[in-house]
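Listed below are the residues making up each chain.
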Amino acid sequence: MKLSAMLLAGALLVAATTAGTPAVAAPAAPAAQPGHRTLTLLTGDRVGVETAADGTQRVDVLPDGPGGTFSQFTIGGDTYVIPSEAVPYLDKTIDTRLFNVSYLLRAKLDDARSTALPIKMTGTKAATRAPVTKKNASALGRLMAGRSRGGVLPGVERIELAVPKGAPAPPPSPLAGGTGAVASAGKGVRFHMLTIDSVARDGTPGVMIGAVTNVADGRLANFAVTYPGEGRKSFMVPEGTYSVMASVLTGPADDLGSQMALVTQPEVRVTGDTTVVLDARGAVPYRATLETPPARELQRLDAFTFVRTTTAGDQAGVTPANLILGLTWKTISYPPNGNPGLYATPTKPVTKGRFDFLAMSSLAEGAVSGPQMGATYRLLFPYGGAVPASMTHTVKASDLVTVRSALHDEPSDDPSTGPINLVTYAYLPWGWTDFGYGGSPANGERVDYLYSSRPDQVIWQSAAGPDRGERVLGPRRRLQPGQLVREEWNRGPDVPSLAATYVQRPQRGIMATPDTKVDAPLRQVCVACRQGDLGMVYLQSSGDSDPLHFTELGWKTTKLAFYRDGRAAFGIGEQDAFAPSPESLPLLPRPAGYRLTWTTTGDGAPDSPSTTDWTFRSGPQDGAATLPGDVQCADPSQPCSFLPLLFLHWDLALDHESRARAGQSFDVGFRVSHQQFQAAPTGVTATAEVSYDDGATWSAPAAATRGADGAFTVTITHPDYTEASRWVSLRVKASDPGGSTVTQTNIRAYRLS
Amino acid sequence: MRIQRIMMLTAVLLAAFTPMAGATEQATPSTRTICPQDADPASCLLKVATGDAGAKAASGPLTAGDLQEAYRLPADLLGGGQTVAVVVPYDIPSAEQDLATYRAANGLPACDEVFTCFRKVNQRGGDTPPPSSPSYAPHAAAGLDLTSAACPNCRLLLVQADDPTFANMGLAVDQAVAQGADAVVVMWGFTESADQAAQAAHFDHPGVTITSAAGTGFNTDGRQTVPSAFASVIAVGGTELFRDPAVPRGWRENVWRDTGSGCSLYVARPAWQRAGACGGRRTVADVSAVSSSSTPVQIYSSALGGWAAASGTPLAAAFIAGVYGLAGTDSTAPAGKRLYARARYLHDITGGANGVCAGSNLCAAGQGYDGPSGMGTPDGTGAF
Numbered sequence: 023m024k025l026s027a028m029l030l031a032g033a034l035l036v037a038a039t040t041a042g043t044p045a046v047a048a049p050a051a052p053a054a055q056p057g058h059r060t061l062t063l064l065t066g067d068r069v070g071v072e073t074a075a076d077g078t079q080r081v082d083v084l085p086d087g088p089g090g091t092f093s094q095f096t097i098g099g100d101t102y103v104i105p106s107e108a109v110p111y112l113d114k115t116i117d118t119r120l121f122n123v124s125y126l127l128r129a130k131l132d133d134a135r136s137t138a139l140p141i142k143m144t145g146t147k148a149a150t151r152a153p154v155t156k157k158n159a160s161a162l163g164r165l166m167a168g169r170s171r172g173g174v175l176p177g178v179e180r181i182e183l184a185v186p187k188g189a190p191a192p193p194p195s196p197l198a199g200g201t202g203a204v205a206s207a208g209k210g211v212r213f214h215m216l217t218i219d220s221v222a223r224d225g226t227p228g229v230m231i232g233a234v235t236n237v238a239d240g241r242l243a244n245f246a247v248t249y250p251g252e253g254r255k256s257f258m259v260p261e262g263t264y265s266v267m268a269s270v271l272t273g274p275a276d277d278l279g280s281q282m283a284l285v286t287q288p289e290v291r292v293t294g295d296t297t298v299v300l301d302a303r304g305a306v307p308y309r310a311t312l313e314t315p316p317a318r319e320l321q322r323l324d325a326f327t328f329v330r331t332t333t334a335g336d337q338a339g340v341t342p343a344n345l346i347l348g349l350t351w352k353t354i355s356y357p358p359n360g361n362p363g364l365y366a367t368p369t370k371p372v373t374k375g376r377f378d379f380l381a382m383s384s385l386a387e388g389a390v391s392g393p394q395m396g397a398t399y400r401l402l403f404p405y406g407g408a409v410p411a412s413m414t415h416t417v418k419a420s421d422l423v424t425v426r427s428a429l430h431d432e433p434s435d436d437p438s439t440g441p442i443n444l445v446t447y448a449y450l451p452w453g454w455t456d457f458g459y460g461g462s463p464a465n466g467e468r469v470d471y472l473y474s475s476r477p478d479q480v481i482w483q484s485a486a487g488p489d490r491g492e493r494v495l496g497p498r499r500r501l502q503p504g505q506l507v508r509e510e511w512n513r514g515p516d517v518p519s520l521a522a523t524y525v526q527r528p529q530r531g532i533m534a535t536p537d538t539k540v541d542a543p544l545r546q547v548c549v550a551c552r553q554g555d556l557g558m559v560y561l562q563s564s565g566d567s568d569p570l571h572f573t574e575l576g577w578k579t580t581k582l583a584f585y586r587d588g589r590a591a592f593g594i595g596e597q598d599a600f601a602p603s604p605e606s607l608p609l610l611p612r613p614a615g616y617r618l619t620w621t622t623t624g625d626g627a628p629d630s631p632s633t634t635d636w637t638f639r640s641g642p643q644d645g646a647a648t649l650p651g652d653v654q655c656a657d658p659s660q661p662c663s664f665l666p667l668l669f670l671h672w673d674l675a676l677d678h679e680s681r682a683r684a685g686q687s688f689d690v691g692f693r694v695s696h697q698q699f700q701a702a703p704t705g706v707t708a709t710a711e712v713s714y715d716d717g718a719t720w721s722a723p724a725a726a727t728r729g730a731d732g733a734f735t736v737t738i739t740h741p742d743y744t745e746a747s748r749w750v751s752l753r754v755k756a757s758d759p760g761g762s763t764v765t766q767t768n769i770r771a772y773r774l775s
Numbered sequence: 222m223r224i225q226r227i228m229m230l231t232a233v234l235l236a237a238f239t240p241m242a243g244a245t246e247q248a249t250p251s252t253r254t255i256c257p258q259d260a261d262p263a264s265c266l267l268k269v270a271t272g273d274a275g276a277k278a279a280s281g282p283l284t285a286g287d288l289q290e291a292y293r294l295p296a297d298l299l300g301g302g303q304t305v306a307v308v309v310p311y312d313i314p315s316a317e318q319d320l321a322t323y324r325a326a327n328g329l330p331a332c333d334e335v336f337t338c339f340r341k342v343n344q345r346g347g348d349t350p351p352p353s354s355p356s357y358a359p360h361a362a363a364g365l366d367l368t369s370a371a372c373p374n375c376r377l378l379l380v381q382a383d384d385p386t387f388a389n390m391g392l393a394v395d396q397a398v399a400q401g402a403d404a405v406v407v408m409w410g411f412t413e414s415a416d417q418a419a420q421a422a423h424f425d426h427p428g429v430t431i432t433s434a435a436g437t438g439f440n441t442d443g444r445q446t447v448p449s450a451f452a453s454v455i456a457v458g459g460t461e462l463f464r465d466p467a468v469p470r471g472w473r474e475n476v477w478r479d480t481g482s483g484c485s486l487y488v489a490r491p492a493w494q495r496a497g498a499c500g501g502r503r504t505v506a507d508v509s510a511v512s513s514s515s516t517p518v519q520i521y522s523s524a525l526g527g528w529a530a531a532s533g534t535p536l537a538a539a540f541i542a543g544v545y546g547l548a549g550t551d552s553t554a555p556a557g558k559r560l561y562a563r564a565r566y567l568h569d570i571t572g573g574a575n576g577v578c579a580g581s582n583l584c585a586a587g588q589g590y591d592g593p594s595g596m597g598t599p600d601g602t603g604a605f
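Heads up: the protein sequence lines correspond to chains X and D, in order. Residues in the first sequence are numbered from 23 upward in steps of one, following the working numbering. Residues in the second sequence are numbered from 222 upward in steps of one, following the working numbering.
FYI, nobody ran anything at the bench for these hints, they're computed from the structure. Bear in mind the structure is a predicted one, so any value in this text is a computation, not a measurement. Among these hints, one or two may not hold up.
[As the list claims (entries may be wrong)] Computed Cβ-Cβ distance ranges for the label pairs, DEER-style:
| id | chain 1 | residue 1 | chain 2 | residue 2 | range |
| --- | --- | --- | --- | --- | --- |
| 1 | X | 254 | D | 345 | 33 to 39 Å |
| 2 | D | 286 | X | 134 | 52 to 58 Å |
| 3 | D | 467 | X | 185 | 30 to 36 Å |
[Said to hold, decoys possible] Only part of the chain D face toward chain X is listed, based on derived beta-carbon distances under 10 Å:
| id | residue |
| --- | --- |
| 4 | 415 |
| 5 | 442 |
| 6 | 443 |
| 7 | 445 |
| 8 | 487 |
| 9 | 500 |
| 10 | 502 |
| 11 | 577 |
| 12 | 582 |
| 13 | 583 |
Note that the Cβ used here is the ideal one computed from N, Cα and C, for glycine as well.
Could you put the whole structure together from the sequences, leaning on the hints where they help?
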């Protein structure tokens, strides 16, 4: 194999660094011990290596070396740092592994543990073993820089690393042939013509929209057959196995009358010029219906998602999260795109990479959105690794999950346009989706239904967009057939959520938002935990009456301040679109008292700020937090203890416009809790105050009554309705015997009517 | 003290594995494609630097003198009596004046009454110009400037096709040959299609060398561009070229990561190409020259506001057409056959890659022939 080809193969595994950015490498086995170490290279250049607990390494060139230009890359999990002056000598004269900083660390040749680099030098006359002292290494670097022509050092045939006794065996040189990643590319393969053609469902020549992908590695070949469709098409591809996947249409996709079938040949072996005919005539229809349909007409939206994942990990097809791509593949069927039904040809399970196929239906009674929209049904059929022989389903009423919801508008002087939407996320092992009808529902009570043919494979999460506020999300959970779920959205004013933050967020890839891929949907991080001398807080706002509701987006103005033993220690002035998620609070290495205040003001309700004022005590000897398996501390490699913050959630009997009757008595209900997964606080006492002038004056604190269920109540009497006193502001102060307190203030918590 | 930096390591740099110096230490400049409205994006191969890089183009990019030096061209001595044709779509009214500016700034002999080295015709050989299009003016400038750089003594013929259709571009090539061109560069390309053979004869004129850009990217859309994929055309790939006093040549040259290469879908392998990874099919490219956006070349086009730092394989194609003009070889042997037989007159490009190609030489540079750089870059005119 030619050197250039080997190098290129090695490049396949390169984790490229950006200029000036340290590389983070996946761990090589066995991993070096966690911590930071410095290492002097053969040229005298010095690097710093930060090894995390999971073995990943961050490598920086330190500024105290001779300087120069460096190439940094990762092969086989090991990071190499190559000074430019060494490049001409690599593997001709100098063993490239002398610049494998990951291995040098494993061999205990870092500066703290070795003052020299042991080398084996083969001279033009004899071989010898000798250490190069790191103190003098830069001289060798200068020698190299001065004799770069030809990559030859006088009198030296070869310099290799002399592996210390007891050190692990070094990996092969990335420039050596026949090993590791280099070998994986093999010899150059022959390219052949791969032609795809199709027959539509009606037997006429088909029009295709699809993808041709090399199953081993999409970088070798990943070609599109584009909208609005193409006929017979050829590509030059390297010998290998290919996924050929296309919507085969009876006409161009922009012809609303054309009919589709998804035809997939997931493993086509190409060893010579090959023609693949995608024959849609064997396609079976997808149809999901209700055994007990409602009286009102059902609006229907059907979709396929199909993802072919190569063994290298790249994907082709339509992922559940990028369902909009289905419009161009014509794998979404709903009235506006004229697609009268979805069909697919059955396939066998793949033997290379993955194929994941999902069919979905969203049904809505009466209308697809707006106040006339009745109950909605989200029906998921995760078929797994193949298109089945039959996709006709009748869903029994008893297998539906019933979701009873109540949607509240923000309190306002102005008429509301109603909630923005009611959304359900579904997380599958290979993707997530928020597919389905649910836009602009009426406020008030409603019933919707969820179904999955594989309840074990789907994790659900509901979310609601109120009329003026941020989208509020609920907990993620598996749901069983026949289960009843009750949800109440946006009842009561915003307070900090006590829900542990989900580590991965289902955001689309637009504007570089993270986590378009959610592969661990149940992983959470504790809300407020101490790790060492840091308090790691992941505060989320828009907790409503449901303590597990939260929002993620931070479309609010927030202000945060932190005090230690009465002195300001940290603060963030008023900022837009900021969520302390996380924020690192500097703690003292001894038991101390702390105060944390957080004010949030939603963009849609600027006159209704929420202020939470916590005090608590914490020390380094606090007991370790006991967390479920899916819940971690900010740094999962280190134990943590809960910061004993008290969280308050209102329980106010408001109507769906967030109003209460003027001139009548009213129970101000609330609950006081610890963060999710922390034991409930005991011995809590609380007082409540009310203001009818936006907090200018407050009533005398009234002791709250604690009920048998742990909820607190203070009964107040609303004044008669006047313009001046139409808004009710609330403030509660609660404390526990351990010294934790919370003062929760909500200006314009609700409105009188 | 030298600048301390970690280089971004791409497949190109890893394969090159050379110390980074000079031009390649700079980040790849931002460029914009010169893509006329309604053009197939796959055909938009010419780019210019944007922002400051473009504004400073008069001093930064490679000049005619740089290119003559790097490729050891006896530009002052040869080329007299040779005609190189540049084929573009539409009329470019500014072409002659733009060329004059370029030639003057680069110390090349002026095209004037004494040395009538510029002429333009329509695809029928007449003076009536086709409709004008500023969108294609940079293509004309790139073609005329780079052929001038390689062969200042050649006469230049601008043949303006009625439009950018394959058929009319082919007729314009025929006209260039009819007008006596010794070498022709086609400054526009088309993705391969099953019916391309119908146009092949327009690009096959024994005794006249036709060059064209190798396209962009390795095996883009599983096909090549024509006319460069035609066996009768010299397919010209792109390199990055920068000064390096540490090497005997004084210049270092690697494959440009965005150059085009791969196997033709429909064209059979010419006899002078070895059966490599493409088997019985034609492999692109044949030869190469600088066209990287990292080491752009200087062109002058009033449609671009004046001086510009240009990149893209059409530049290399124009330059190589100029080298053929400079060589002035009078031979009935196909240009490709001569080229492949005279590797000793070429710089073998052994560093860089333009894609991932399963270990073949279709995308990775190596000793001898490889897809992205072909047989190499000019080292004098002996191979041409």
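Broken hints, numbered, in rising order?
none
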